[in-house]
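Peer 1: In case you want the letters, here they are:
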Amino acid sequence: MTVQIKTLDYEPKRHTFGHIARRFGDKPASRYQEATLDVQATANFHYKPLYEPEFWQYDQNKTAVKMADWYKPLDPRQYYYATYNIARANMNQAVERSFAFVEERGLLDKLAAAARANLQRGLLPLRHLHWGANMNMTEICQRGYGTAVTAPCIFSSGDHLGMAQIVSRIGLALDGQTGASLDAAKAVWMTDPAWQGVRKLIEDTFVERDWFQLYVAQTLAVNGVIFDLAYKLSDAAWADGATTVAMLTEFMSDWRAEESRWSDSVIKTVAAESPDNKALTSRWAKHWIDRAVEAAKPLSAALLGDNGAAAEAAGEATRARAATLGLTL
Amino acid sequence: MTAKKLGLKQRYAHMTRGLDWETTYQPMDKVFPYDTFEGIKIRDWSQWEDPFRLTMDAYWKFQAEKERKLYAVLDAFAQNNGQTNLSDGRYVNVVKLFLTGISPEEYQAHRGFAFAGRHLRGVGPRVAAQMQSLDELRHVQTQIHTISHYNKYFDGIGEFPHMHDRVWYLSVPKSFFDDARTAGPFEYMIAIGFAFEYLLTNLLFVPFMSGAAYNGDMSTVTFGFSAQSDESRHMTLGIEVIKFLLEQHPDNLPIVQKWVDKWFWRGHRMLGLVAMMMDYMLPKKVMSWKEAWDIYFTEAGGSLFQDLARYGLKVPKYADVATAEAEHISHQNWAVFYQYTHAAAFHTWMPDKEHLDWLSEKYPNTFDKYYRPRWEMWAQMEKDGKRFYNMALPQLCNTCQIPMAYTEPGDPTTIAFRESRFNGDTYHFCSDGCKDIFDGEPEKFAQSWLPVHQIFQGACGGPTVPDVLNWYRLNNGADNLDYVGSPDEKLWNQWMAGAVKAAG
Amino acid sequence: MAQIASLTLYHNDEARPIIDAIIADNPGIRVMNIPGAVKLDCDGSLTVNRSSVEARLGRSWEPQELQLVLISMAGNLDEDDDHFTLSWRH
Numbered sequence: 001m002t003v004q005i006k007t008l009d010y011e012p013k014r015h016t017f018g019h020i021a022r023r024f025g026d027k028p029a030s031r032y033q034e035a036t037l038d039v040q041a042t043a044n045f046h047y048k049p050l051y052e053p054e055f056w057q058y059d060q061n062k063t064a065v066k067m068a069d070w071y072k073p074l075d076p077r078q079y080y081y082a083t084y085n086i087a088r089a090n091m092n093q094a095v096e097r098s099f100a101f102v103e104e105r106g107l108l109d110k111l112a113a114a115a116r117a118n119l120q121r122g123l124l125p126l127r128h129l130h131w132g133a134n135m136n137m138t139e140i141c142q143r144g145y146g147t148a149v150t151a152p153c154i155f156s157s158g159d160h161l162g163m164a165q166i167v168s169r170i171g172l173a174l175d176g177q178t179g180a181s182l183d184a185a186k187a188v189w190m191t192d193p194a195w196q197g198v199r200k201l202i203e204d205t206f207v208e209r210d211w212f213q214l215y216v217a218q219t220l221a222v223n224g225v226i227f228d229l230a231y232k233l234s235d236a237a238w239a240d241g242a243t244t245v246a247m248l249t250e251f252m253s254d255w256r257a258e259e260s261r262w263s264d265s266v267i268k269t270v271a272a273e274s275p276d277n278k279a280l281t282s283r284w285a286k287h288w289i290d291r292a293v294e295a296a297k298p299l300s301a302a303l304l305g306d307n308g309a310a311a312e313a314a315g316e317a318t319r320a321r322a323a324t325l326g327l328t329l
Numbered sequence: 001m002t003a004k005k006l007g008l009k010q011r012y013a014h015m016t017r018g019l020d021w022e023t024t025y026q027p028m029d030k031v032f033p034y035d036t037f038e039g040i041k042i043r044d045w046s047q048w049e050d051p052f053r054l055t056m057d058a059y060w061k062f063q064a065e066k067e068r069k070l071y072a073v074l075d076a077f078a079q080n081n082g083q084t085n086l087s088d089g090r091y092v093n094v095v096k097l098f099l100t101g102i103s104p105e106e107y108q109a110h111r112g113f114a115f116a117g118r119h120l121r122g123v124g125p126r127v128a129a130q131m132q133s134l135d136e137l138r139h140v141q142t143q144i145h146t147i148s149h150y151n152k153y154f155d156g157i158g159e160f161p162h163m164h165d166r167v168w169y170l171s172v173p174k175s176f177f178d179d180a181r182t183a184g185p186f187e188y189m190i191a192i193g194f195a196f197e198y199l200l201t202n203l204l205f206v207p208f209m210s211g212a213a214y215n216g217d218m219s220t221v222t223f224g225f226s227a228q229s230d231e232s233r234h235m236t237l238g239i240e241v242i243k244f245l246l247e248q249h250p251d252n253l254p255i256v257q258k259w260v261d262k263w264f265w266r267g268h269r270m271l272g273l274v275a276m277m278m279d280y281m282l283p284k285k286v287m288s289w290k291e292a293w294d295i296y297f298t299e300a301g302g303s304l305f306q307d308l309a310r311y312g313l314k315v316p317k318y319a320d321v322a323t324a325e326a327e328h329i330s331h332q333n334w335a336v337f338y339q340y341t342h343a344a345a346f347h348t349w350m351p352d353k354e355h356l357d358w359l360s361e362k363y364p365n366t367f368d369k370y371y372r373p374r375w376e377m378w379a380q381m382e383k384d385g386k387r388f389y390n391m392a393l394p395q396l397c398n399t400c401q402i403p404m405a406y407t408e409p410g411d412p413t414t415i416a417f418r419e420s421r422f423n424g425d426t427y428h429f430c431s432d433g434c435k436d437i438f439d440g441e442p443e444k445f446a447q448s449w450l451p452v453h454q455i456f457q458g459a460c461g462g463p464t465v466p467d468v469l470n471w472y473r474l475n476n477g478a479d480n481l482d483y484v485g486s487p488d489e490k491l492w493n494q495w496m497a498g499a500v501k502a503a504g
Numbered sequence: 001m002a003q004i005a006s007l008t009l010y011h012n013d014e015a016r017p018i019i020d021a022i023i024a025d026n027p028g029i030r031v032m033n034i035p036g037a038v039k040l041d042c043d044g045s046l047t048v049n050r051s052s053v054e055a056r057l058g059r060s061w062e063p064q065e066l067q068l069v070l071i072s073m074a075g076n077l078d079e080d081d082d083h084f085t086l087s088w089r090h
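Residue numbers (this note's numbering), protein chains in the order written: chain A, 1 to 329; chain B, 1 to 504; chain C, 1 to 90.
Chain A on its own, in the form it takes in the complex (with noise of 0.2 Å):
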């Protein structure tokens, strides 16, 4: 008898789930498109909420823009939970590494009084907006509508609350982990009026109604004037411990710079969407970087002593930023 190795024919049925089919034909779809696209319900729901009755918990009027496609608003990363954690990881270790070289060598403590001054003044506090950021993104995260949007959600509400515990590490290590530092922290959070425009500013956009709004409050004007004001433009208030800070909060310019890719994008794609959701997305643009910039003006005073010259800096990036969008500010 000869040996024959035969073949078994696995010619797949179909290539993927009919939905996705639907959208681009049956062909291999990418762990993105099948983990992302339809996966939210989207009819026949059972009971009204008992919290917000005129609403079904996936409701497309939360928000006053519309979109015929709410998966049209894509992620240009492609983030499912797997690639998401695994970038996360990786950015991590950095992070670990810079702590150990900074630790080991003292750089924090041999830091001249001023520049510890300011750090603590002005970075510190930054844990509590990186944390009421987190409950923005929580928010949009059960309030919007659509996996596509609403997943990339909860990846920055989680970035958000590591951004805020590196910040404290950072305070950890100045005060020789004591905590010391970080309940200083939040009494100049909550009293030093270099910060009450910014505290206000966040607290208000913790009751705003419209997704969508909440969306372009937080990820443009809030990241754009306010986190890249103290992460971009505040070198000079570190001192002889901007090396050193960089070093640190790292994390937090690569985040902000894959973040935007996608936050940009979908704020591109829903503007583009109609002549309405051009009109309203660029009132809520202009409402909400103007508001940051007039609240972060006397916190780049405190820091910096030019009487808000960065705050208007980065405000003006920012509106650029939103023109480079399609929004008409």
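Keep in mind that the hints are not guaranteed to be accurate.
[To be verified] Restraint-style ranges between C-beta atoms, simulated for each label pair:
#	chain 1	residue 1	chain 2	residue 2	range
1	B	H453	A	R22	22 to 30 Å
2	A	P12	B	E291	33 to 41 Å
3	B	A478	C	I23	44 to 52 Å
4	B	T323	C	D82	34 to 42 Å
5	A	A187	B	G312	36 to 44 Å
6	A	R283	B	D29	23 to 31 Å
7	B	G462	A	R209	34 to 42 Å
8	B	T24	A	N307	25 to 33 Å
9	C	D82	B	A72	30 to 38 Å
10	A	H287	B	Q395	52 to 60 Å
11	A	P193	B	K9	32 to 40 Å
12	A	T243	B	R43	43 to 51 Å
13	B	G424	C	M32	51 to 59 Å
14	A	A323	B	A478	50 to 58 Å
[Said to hold, decoys possible] Pairs of lysine-lysine, DSS-like flavour, derived with a Cα cap of 30 Å:
#	chain 1	residue 1	chain 2	residue 2
15	B	K490	A	K27
16	B	K30	A	K66
17	B	K314	B	K41
Read the hints as simulated data drawn from the structure, not as lab findings.
Don't be surprised by glycine CBs; every beta carbon is placed ideally from N, CA and C.
Using the hints provided, position chains B and C relative to the given structure of chain A.
Peer 2: Just chains B and C now, with coordinates in the frame of chain A:
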């Protein structure tokens, strides 16, 4: 100055507890508008104990490692055509029911925990709920990725989101989660965090996933156990929630007790689908539903409720009825799906002799007396070319939405019917448990989207079975009916014949 | 009825030293093998000690790493740098 290394607890306290603040530019009640209407009283959120103290850096590290391992298995499974190593082609029907019935609920849990993770006032539970929201997204996405490979070869999988919003039996899990999602944040935490995750999820994941391993489905067991490792964190959140609410104020006890009663019973009804999967759909069996119930509810739940007794919390109402039903529920459910196989997106069959003997052994009190004779009769009818189909649409329980096929407690030969009047209408229930739930919130449950009612109202594509199947996107003759004679069976037999030839 | 503290772990190479440490450190433990997993039950409480696991692993190990091989558990959790304990005691 040398920095002393912080302990886990201290470090975690610094990393989370201090982050939030009392808002002053906006009133706290406007920032957190949903955490008071349920009547739960919280005196001091800072009393919350964080059981698992994970900071985000550790979360990313552990979860990334889990995901690398999981996707390595999924890739290997696909490359090696792991589906051909299953115990039998019938097994895949379990996977179908999983993706259509369970994965979409993982998604609902993801959004629900985002709601709790934003709207509970305390920072401790909020962080834990956010991580759970991330985890639940993980579960739905890894399940889709795992089962995507099965979809390439087997029927009944490809329209899972569409079916989930429409098909009659999928309305059971959907309404369960819709109910939780539309409740306030505290009820949601008790419903999903405590009753589902703590009391019942082990019944779903542990014996069932072990069954997947036993039946050669290495990809499903890998996502299942890997998901369950997140579940352990969720269980500690669930138990912490209930203890916290009970410790905060004595007025919380009756509210929490009502929720525990409600969600235990709802969970028990929904898990009847899992009972059927374990007893009937796994070709090679690990343990019976009854055995799983004894280990994971009677024993584990017993320990738990002994612990919670010090707060005055009692074992859920009708736990005794549920335990008695553990000897019946898988059989009664399989009977429903066998009769309505033409309208279900997975295949059914009558158990063979070996399987019947296993059921007789595992259910000595009930199987030979009440179920075996019926199965033998139906098998005979199949042989005679008179396979039994039930073409009448069933009456559904208004609460759990399962066809009214369950029997009276203590009398397995009489179907149980209960009813209530509300605003001039009559509502029907399968059990005292389901009737009590309706009577507790009639405004809510009067809204139920009942698939059979909807068909009769013309909301489901038309008046005939083919119309409705079409509306379900259920491919008649492929997705439904018996396994024997199905395209799945044909493909499986081809593979096996090919494998024999190749080996010979 | 005794209250049972319980851990269910993967049954694989990574978990084996942990399972061995638990069995050594918790007298009276009951072991149930099911496909792919092992369920470990103790009356009252069950502890995983960092030092015992490290002795078997030959490297440093943090109790939080238990999550990588954990499937299920029952009992109130108390976790710190040196141990992971499930119990029904107060």
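Peer 1: Name the hints, by number, that the structure is in violation of.
Peer 2: Per hint list: zero violations.
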